[in-house]
Amino acid sequence: MLLKDLSPSAVRVCDAAVGHFAEYGYDASSLNEIAQLAGMRKASLYAHFANKDALFVEVFQRALVQETAFVEHGFAQEARDGLAPGHWLALHLAERYRDSAELRFVLRTAFLPPSGIKPIVTSGFEKYLDGIREGFCQALQTRHRWADEQHSRLALYADAYLGIIDSLYVELMYAGPDAYERRAAALLKVLEDSLSLNR
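With the numbering used here, letter number 190 in the sequence shown gets 246, and the count goes up by one each step, no holes.
One or more hints might be untrue.
[What the hints assert, rightly or not] Here are the simulated BS3-like pairs of lysine-lysine, each with C-alpha atoms no more than 25 Å apart in a straight line:
1. 60 - 108
2. 183 - 60
3. 183 - 108
4. 98 - 108
5. 108 - 174
6. 60 - 174
7. 98 - 60
[What the hints assert, rightly or not] Estimated spans, in silico, between C-beta atoms of each pair:
8. 107 - 132: 13 to 23 Å
9. 129 - 238: 19 to 29 Å
10. 126 - 80: 19 to 29 Å
11. 211 - 172: 32 to 42 Å
I should point out that these hints are in silico values taken from the structure, not numbers from a laboratory.
From the three backbone atoms N, C-alpha and C, an ideal C-beta is built for every residue, glycine too.
Produce the entire structure from the sequences given, and follow the hints as far as they go.
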């Protein structure tokens, strides 16, 4: 996804907005507060973004780019560490969620998209999930010969892995770290056991 070239002031607005949107969502967020966080008046914010929707979409797209890069890094790191396919991401999501306003914003927005921009949100989030799916498929193909030959089975495991990630996203948003850790360990064990039957 190509991002617009923004002025340093507009980038500062986006940087201030991501945490605010992550905490308050679309409806409860305040452009006045975002402008203050960016060190400007609300009127100056409108010199960079036509309205709340325009700012929200720009921040969402920028957050997706950052989180997609994190996913790509995760699958590359997983290969370097010799971890089982899909494990690195699941084992690091809780920490990422805690530390990344971008991930908190992406998930909140994907689960509760503003109605006026829902198609943009849905499309962007689906592309993000496609990146996770692609990374997992490549990991399987690198480590398991059958994954290159049995495309329907590969697709089945890819869908199952996205189900695991979706489940973990729900835990991140609505449960505590202990519940997340239990769920992640259980799901990864089931995945690993299932994959071991395909050797």
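Status of each hint after checking the structure:
1. 60 - 108: The hint holds at about 17 Å.
2. 183 - 60: holds, 18 Å
3. 183 - 108: The hint holds at about 23 Å.
4. 98 - 108: Holds: residue 98 and residue 108 sit about 11 Å apart, inside 25 Å.
5. 108 - 174: holds, 14 Å
6. 60 - 174: holds, 20 Å
7. 98 - 60: OK: residue 98 and residue 60 at ~21 Å, within 25 Å.
8. 107 - 132: 13 to 23 Å: violated, 38 Å
9. 129 - 238: 19 to 29 Å: holds, 26 Å
10. 126 - 80: 19 to 29 Å: holds, 23 Å
11. 211 - 172: 32 to 42 Å: holds, 34 Å
Of the numbered hints given earlier, the model fails hint 8 alone.
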